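S.K.: Take a look at the letters that make up each chain.
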Amino acid sequence: GAGVSQTPSNKVTEKGKYVELRCDPISGHTALYWYRQSLGQGPEFLIYFQGTGAADDSGLPNDRFFAVRPEGSVSTLKIQRTERGDSAVYLCASSPGRRNSPLHFGNGTRLTVT
Amino acid sequence: KQEVTQIPAALSVPEGENLVLNCSFTDSAIYNLQWFRQDPGKGLTSLLLIQSSQREQTSGRLNASLDKSSGRSTLYIAASQPGDSATYLCAVRRESGGSNYKLTFGKGTLLTVNP
Numbered sequence: 082g083a084g085v086s087q088t089p090s091n092k093v094t095e096k097g098k099y100v101e102l103r104c105d106p107i108s109g110h111t112a113l114y115w116y117r118q119s120l121g122q123g124p125e126f127l128i129y130f131q132g133t134g135a136a137d138d139s140g141l142p143n144d145r146f147f148a149v150r151p152e153g154s155v156s157t158l159k160i161q162r163t164e165r166g167d168s169a170v171y172l173c174a175s176s177p178g179r180r181n182s183p184l185h186f187g188n189g190t191r192l193t194v195t
Numbered sequence: 003k004q005e006v007t008q009i010p011a012a013l014s015v016p017e018g019e020n021l022v023l024n025c026s027f028t029d030s031a032i033y034n035l036q037w038f039r040q041d042p043g044k045g046l047t048s049l050l051l052i053q054s055s056q057r058e059q060t061s062g063r064l065n066a067s068l069d070k071s072s073g074r075s076t077l078y079i080a081a082s083q084p085g086d087s088a089t090y091l092c093a094v095r096r097e098s099g100g101s102n103y104k105l106t107f108g109k110g111t112l113l114t115v116n117p
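Chains as they are written, first to last, in our numbering: chain A, 82 to 195; chain B, 3 to 117.
If you're looking for bench data, these hints aren't it; they were derived computationally from the structure.
Among these hints, one or two may not hold up.
[Stated by the list, open to error] Computed list of lysine to any residue pairs in SDA-like fashion (alpha-carbon distance at most 20 Å, straight line):
| no. | chain 1 | residue 1 | chain 2 | residue 2 |
| --- | --- | --- | --- | --- |
| 1 | B | LYS44 | A | ILE107 |
| 2 | B | LYS109 | B | TYR78 |
| 3 | B | LYS3 | A | ILE107 |
Remember, it's a predicted structure, so these values are computed and weren't measured experimentally.
If we strip away everything but chain A, and leave its shape as in the complex, we get:
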């Protein structure tokens, strides 16, 4: 079956612009996570959805970052007034929502802010 799909795979934008990154989780997975991975670092947690609600958004760096999952499936990470420091790979992961289930990651969106 299909894995986690993220689009676009690459995004280049100018400083100050708005961007949206999309994640299609594995069908039936109730839990969805966004992580950010900077060069040479491990992924860092941004936000977690259980169903439609953001159960934990403690990893979002500031109020320029926002994410939604209106129907409990596809999620969109939105970044306003992008800054060069936002450049990173944004990874999405999903799981069935059980505690001992491994996470399944997408290939990520590489965001470059010029």
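Based on the hints, put chain B in the right spot on chain A.
M.R.: Positioned in the frame of chain A, the structure of chain B alone reads:
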């Protein structure tokens, strides 16, 4: 705050060699530990997941061990192959209650297996 450290940061070995990657974590109150593989420009592929009550897990040429009390895990790769070249990441899931199963990752070990 949980911190995960992976040693070494990079490792280069000849094909056929057995090798060990190390992972340590500061807070032993974990629910499970997961090892991932990441190829350049790709996402993460789960290799092994060890529950906190387990000591080790095996899959093919891979064996992961967990010593929860000392905050350590190792990933053993037997008879390494050039196709094993990738970055290997260790991640822990906290034990506390609730449904948030977020992971804390190390920075990874970049493995190169030379033909």
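S.K.: Mind checking the alpha carbons of B:LYS3 and A:ILE107 for me, to see if they're no more than 20 Å apart?
M.R.: violated, 30 Å
S.K.: Measure nothing beyond the straight line between the CA atoms of B:LYS44 and A:ILE107; if it is 20 Å or shorter, mark the hint as holding.
M.R.: holds, 17 Å
S.K.: Does the alpha-carbon distance linking B:LYS109 and B:TYR78 stay inside the 20 Å limit?
M.R.: Between B:LYS109 and B:TYR78 the Cα gap is close to 18 Å, so the pair holds against 20 Å.
In this structure, only the earlier hint numbered 3 is contradicted, and the remaining ones agree with it.
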